[in-house]
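Number of protein chains: 2
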Amino acid sequence: MDISEETFITNLGIHIRQLREKKNMSQQDLANDCDIPKNQIGRIERAEINTSVKALVKIANALDVEPKELFDFSIK
Amino acid sequence: MDISEETFITNLGIHIRQLREKKNMSQQDLANDCDIPKNQIGRIERAEINTSVKALVKIANALDVEPKELFDFSIK
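Top to bottom, those sequences are chains A and B. So in the UniProt record's numbering the end of the first sequence lands on 76, straight run, no missing numbers. So in the UniProt record's numbering the end of the second sequence lands on 76, straight run, no missing numbers.
In isolation and in its complexed conformation, chain A is listed as follows (with noise of 0.2 Å):
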């Protein structure tokens, strides 16, 4: 089954912030490690922006994570 953009953008979010919180890691250290503006991370967490791909290498980078894992939730 197709899954819509915005609900995919939104659990994404979700993701980040759960990965982020259990690394014990505030927006901006997570901001400051991937060179990425506090707010910017934010607005990926809250699903407001349609961020791109370096982005996302970036802020795997920062959580010390695989990019393929900031995918690797369930819809939900």
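It cannot be assumed that every hint is accurate.
For identical chains, the list gives no copy identity; a pair is met inside one copy or between any two copies.
Derived BS3-like pairs (lysine-lysine); straight-line CA-CA distance at most 30 Å [to be verified]:
hint : residue 1 : residue 2
1    : LYS68     : LYS54
2    : LYS22     : LYS54
3    : LYS22     : LYS38
4    : LYS23     : LYS38
5    : LYS68     : LYS38
Derived from the structure by calculation, the hints contain no laboratory data.
Given chain A, put chain B in place with the hints provided.
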């Protein structure tokens, strides 16, 4: 170890091409199914653009795979 963004999008493009060819789809078939222009499909496969999460979801739906499968490759 950190993955470079350029290396990742290069490998992603190769992987998308492989998935598309496995389905015996041309770039035009994929473009039609996911409502993304054919030249943009080509640019994603050749890693000439830093595509968005929503575009990846559309491509995954058109290839009949889960979005996470698009990121499931070994970095070369």
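Hint-by-hint comparison with the structure:
1. In the homo-oligomer, the alpha carbons of LYS68 and LYS54 lie at most 30 Å apart both inside one protomer (13 Å) and across protomers (16 Å), since each shortest distance falls under that limit.
2. Proximity of LYS22 and LYS54 under a CA criterion of 30 Å is satisfied in both settings, with 22 Å inside one chain copy and 26 Å between copies.
3. For the identical chains of this complex, LYS22 and LYS38 are intra-copy neighbours only, at 18 Å inside a copy versus 40 Å across copies, given an alpha-carbon limit of 30 Å.
4. In this assembly of identical chains, LYS23 and LYS38 lie within 30 Å of each other by CA distance solely inside one copy; the values are 17 Å within and 40 Å between copies.
5. Taking the shortest Cα distances, LYS68 and LYS38 sit within 30 Å of each other both inside one copy (22 Å) and across copies (25 Å).
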